[in-house]
Amino acid sequence: MEATLPAVPLTVEGSSVLHQMFRLRWPAWKAAGASTREEALAEAVAVLGGMEQSAVYSLLGHKGDLLLIHLRPSFEELNQTELRLAALKLADYLEPTTSYLSVVELGLYDSSLRVYKGLAERGVAPGTPEWDREVEEALAQHRKAMAPRLFPAIPESRYLCFYPMDRKRAESVNWYCLPMEKRRSLMREHGEIGRKYAGQVKQIISGSIGLDDWEWGVDLFADDPVAFKKLIYEMRFDEASALYALFGPFYVGIRLPVGELGERLKIGL
Amino acid sequence: MEATLPAVPLTVEGSSVLHQMFRLRWPAWKAAGASTREEALAEAVAVLGGMEQSAVYSLLGHKGDLLLIHLRPSFEELNQTELRLAALKLADYLEPTTSYLSVVELGLYDSSLRVYKGLAERGVAPGTPEWDREVEEALAQHRKAMAPRLFPAIPESRYLCFYPMDRKRAESVNWYCLPMEKRRSLMREHGEIGRKYAGQVKQIISGSIGLDDWEWGVDLFADDPVAFKKLIYEMRFDEASALYALFGPFYVGIRLPVGELGERLKIGL
Amino acid sequence: MEATLPAVPLTVEGSSVLHQMFRLRWPAWKAAGASTREEALAEAVAVLGGMEQSAVYSLLGHKGDLLLIHLRPSFEELNQTELRLAALKLADYLEPTTSYLSVVELGLYDSSLRVYKGLAERGVAPGTPEWDREVEEALAQHRKAMAPRLFPAIPESRYLCFYPMDRKRAESVNWYCLPMEKRRSLMREHGEIGRKYAGQVKQIISGSIGLDDWEWGVDLFADDPVAFKKLIYEMRFDEASALYALFGPFYVGIRLPVGELGERLKIGL
Amino acid sequence: MEATLPAVPLTVEGSSVLHQMFRLRWPAWKAAGASTREEALAEAVAVLGGMEQSAVYSLLGHKGDLLLIHLRPSFEELNQTELRLAALKLADYLEPTTSYLSVVELGLYDSSLRVYKGLAERGVAPGTPEWDREVEEALAQHRKAMAPRLFPAIPESRYLCFYPMDRKRAESVNWYCLPMEKRRSLMREHGEIGRKYAGQVKQIISGSIGLDDWEWGVDLFADDPVAFKKLIYEMRFDEASALYALFGPFYVGIRLPVGELGERLKIGL
Amino acid sequence: MEATLPAVPLTVEGSSVLHQMFRLRWPAWKAAGASTREEALAEAVAVLGGMEQSAVYSLLGHKGDLLLIHLRPSFEELNQTELRLAALKLADYLEPTTSYLSVVELGLYDSSLRVYKGLAERGVAPGTPEWDREVEEALAQHRKAMAPRLFPAIPESRYLCFYPMDRKRAESVNWYCLPMEKRRSLMREHGEIGRKYAGQVKQIISGSIGLDDWEWGVDLFADDPVAFKKLIYEMRFDEASALYALFGPFYVGIRLPVGELGERLKIGL
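Chains as they are written, first to last, in this note's numbering: chain A, 1 to 269; chain B, 1 to 269; chain C, 1 to 269; chain D, 1 to 269; chain E, 1 to 269.
Just so you know, the hints here were simulated from the structure itself, not pulled from any lab data. Accuracy of the hints is not assured; some may be wrong.
Copies of the same chain look alike in the list, so a pair counts if it fits in one copy or across any two.
[Claimed, not checked] Straight-line distance between alpha carbons at most 25 Å, and here's what the computed DSS-like set of lysine-lysine pairs gives:
{"id": "1", "residue 1": "Lys89", "residue 2": "Lys30"}
{"id": "2", "residue 1": "Lys168", "residue 2": "Lys30"}
{"id": "3", "residue 1": "Lys196", "residue 2": "Lys117"}
{"id": "4", "residue 1": "Lys266", "residue 2": "Lys89"}
{"id": "5", "residue 1": "Lys30", "residue 2": "Lys144"}
{"id": "6", "residue 1": "Lys144", "residue 2": "Lys202"}
One chain only, chain A, in its complex shape (with noise of 0.2 Å):
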């Protein structure tokens, strides 16, 4: 009977998130003078000052001098946020090197499972009605207890490291073939490695399937960047990572209080 229950876990998606690189264009910067930096400075500390849900990091390396996080309730807010800093006069000065869209998502294997087989074992057949009404009453039950993580602050950890990935889908290895038990062992098995990990780092899992060109995007915080080594390094050796995981490029950050971005961009020179 199992084996005609739905391959899809259920899951449930909270605030709308979108990760915005840029670099300094240092020379137009520095050519800019005094005055015209300080203004432009001012002006987007008001601005990023006055956004609840965003942060701002200093990136590591060439691959960019800034990156901000924005939480948002809706696309349409992230879209207004992107516009609102594309008018900053200090955006004439840096460069979109890169960007990620996504929606931070919790994934329920264990009450997908419960929920399908429950209502398989009544007889209730996937598609109709009442399972479509009990699914979304599961979802919505979900949704209330998990607001919190749904609709997460920004921990306020010094570093952040952002990176995105996909589950693989090669010839003989294929997380999508995979039955949904199965799955759930491996991500139960990658969780408990999450979790030995949490005094020392925080996650924002989003999803990004349909969204962005990965499937999903994961933010990890911590006060000593070598936790996001070790994690990393310990979670590639369990099945889900080691055998499924294929991950893109990888951003490390340094906390920017807004009221330090002056001193991050050398405002004085």
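Given the coordinates of chain A, assemble chains B, C, D and E onto it according to the supplied hints.
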């Protein structure tokens, strides 16, 4: 006998389609001055407002600021549209980042098998004039019956998701080596998922084999962008996608009525 | 005995071919002023109009504005053509986006097997002077008989489709490990599909192993661009393509008589 | 029992590392005039000369003109270094082409197996406080004993070779699925080749999982650059590399004492 | 016994090699004015004319206008050559598009097996001082005997074909896992094809493991560019290439005597 039937499914084609993605050169646009911007905007609004089968979207993220979809009766008219837009004053501030060329396509797996088998049963061989005439008759009927879907209006939905895709031709997993019956059954299963979302997501499928770098272009239209994620995630577990789909970049935009173009471009800054 | 026959099919070569793709720098072109544009256009029309075996196409999409095909007796003359065009005033407004270098090629699978087997039956071993002389004689005959196809005129069709391609060398699927008889039969089947479209699509195949980044360049010419899609889609199901073809980017253009260049470049804006 | 031992080897970490690659904007540099160049040089020499754990290399080829290695106690200090250099007048003439972020790492396969097995034999389970405490004690001892290698000085050798690399996670060949004993023996064999070149080539290995786009960064230092080729070619045949190594781009530079920077930058032109 | 012989073949190294590819910035070059161009040309001709082991080629297609090959006794001298050229006035109009760094290399499969087996038969173990001394003696003899090929003059042929390549390390097809006897026999077969073209095509093979992004660079020189296609096509069917070769981009150029540089650069326009 069936083994000798053609492997290629019948398709019917409709509107020629061009997607254009543009990034606004913000610094130049800002520097242009209010009256230049107003003039450029007025001209763009007049020209775009007069293009009946075109739609404008405000893109999210660094992939661009504007995405335009043009449906036209022919490639000639698409080229004329491109040129008309390139001549706009506004175009001086728009950098074309990418584009996609295709033609609205409906694949006819059911009809193909019916026609091919019917002809074969009557002893008509592929490539004979009789075969070709009957196939062409069937196509003509489909073109007529499916005209509204072949020459669709662009849905008014608030959100757009566009992505190109291929069917995989790997070493042991190769869509083009599957028997047509198998492909038909995979496409049916795939289509059933789509139908579950019929109330939330509209789609236009266009073919681009021989026209652009992927085999198909997919446009999804919805009022809630999370529906894109849910639909595509669910599909990723069906065999047609899990095993045989390769996805290109994803573009998500918000419908921008031409009258709101000035607001989007921060005309008053 | 056959196992010791050469694996490489005989080929004959004709015109040297260069494809050039250009993007017009629209803002600079517009800013240049009407008289500069007219002067640049007049010079370009005169020079291009005098190049007999060259053709200009208006490209669709962001890949460029113009595609030029040049057929010449030698690479030296291709290089001279490039330089002549680079010196044009118009070239200051054209950005070369890509190009493709190749030589018109006809593969002679049937003849290769006939000649190789004939020699082998007479006990002539590959690499002996007799072998080489007879092979060279066969090639000379083909070069003469096939001269019109080796040094073709560029078809006048309204639409062009150009793409480069490779034969796959994967781990278990490797074109270059197939016996020549097998390759011949695959190429025959492939050619039969091409012949079905003979009335609609003309083609020029050029070889680029050792000359550019893919193994072959394919130019298709048709008055209806949907014919490109139909032909290539049908071919994708034949074994030669389904298993063994790797495709590069596709370029679609509309033939642009030199006299219409001013219109295409919006000379009057 | 061993099957339940952790798969991840212990590592100890030392200096934070940033590689920066720059291309000199030669035309702008030349156009700047002699006095501007002299001033920019003097400032750069003073600042770079004061950075103790930084080294400058003159890169060969188009990948850049200068490569800088910075070793620092923390990522914060790396970021400060980046900012200090970005503020240099010389930076206006330097285009950052790429960079690499990592942390000096020593992998402890032997120790890991010893500690894990010892604990397991005493019935201590992974994840218990006792396990964690003993592991942490072992790490602390290694950090102390290995401090000179964890916080190394940059070797004075004339030539540098830098490249990032991954361990392969393909379908049937997957480093992260090997038992730890096997990985240890492969790393030993790998290390033995390294030791043969000990007199000619020094190395610094840094880990970058979670920090940059590859898993490790490798710096080799030698007085004869052919030693890089010989060492890496020999290693390519050991199982650890032949089967399991994926290599990123290679950068080769010549050590540039800060005092010779003016000569390298052709200060007098 | 043989199983314990080293897997890496002996190689001897000669000239250091740098390939530089440049695109002429035509608009700036034209705008520079005749006297500036003449002055820049005169300087370039004088400097390039004085570089004995350098050659200039006019590239075909968009990959660049000029390709320079430099053979030098050391990487230091290559770096000096780069710097000398960067300081040229002409360099202000040349954009470096790519480059390749390598060292002339001769692989000694036959000799390796002879020496290794001879030593093994006498009971000398790899890595012992005796082994190393005898190997070094063999290498020294080869270096002396092969000096003309290790430090070659650049052939005067009219056409150049340059490409980098790797030996494949895929999952089931891995060059570096083959026994040395097998690799020797594949290289022999490969070499025999090369010898068939000895009268038409000269070659310089350089090694770049640890120096640049591919493992080898191949320079072919011929008076008829179709010979490149014929040679490389024929080789593609030998096992060494069909199964084990991965090819990078191909560059084809026409030898440009320094005295013709002005004509190539359209000095008079």
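Handout entry: Homomeric proximity label, Lys168 with Lys30: Cα distance no greater than 25 Å
Key = Cα proximity of Lys168 and Lys30: none, with 45 Å in one copy and 44 Å across.
Problem - Intra- versus inter-subunit Cα pairing at 25 Å for Lys89 with Lys30 - result: both (14 Å within a copy, 9 Å between copies)
Exercise for the section: At 25 Å max between alpha carbons, let me know whether Lys196 reaches Lys117 within a copy, between copies, both or neither. Expected result: between (30 Å within a copy, 21 Å between copies)
Practice task
Could you place Lys30 and Lys144 in one of the four classes (within, between, both, neither) given a Cα distance threshold of 25 Å?
Solution key: So Lys30 and Lys144 fail the 25 Å test inside a copy (50 Å) and across (44 Å) alike.
Practice task
Have a look at Lys144 and Lys202 and pick one of within, between, both or neither, based on CA distance no larger than 25 Å.
Solution key: within (21 Å within a copy, 29 Å between copies)
Problem - Identical-chain pair category, Lys266 with Lys89, by Cα at 25 Å - result: Both. Shortest intra-copy (16 Å) and inter-copy (13 Å) distances satisfy the 25 Å Cα cut-off.
Checked against the numbered hints given earlier, this structure breaks hints 2, 5; the rest are met.
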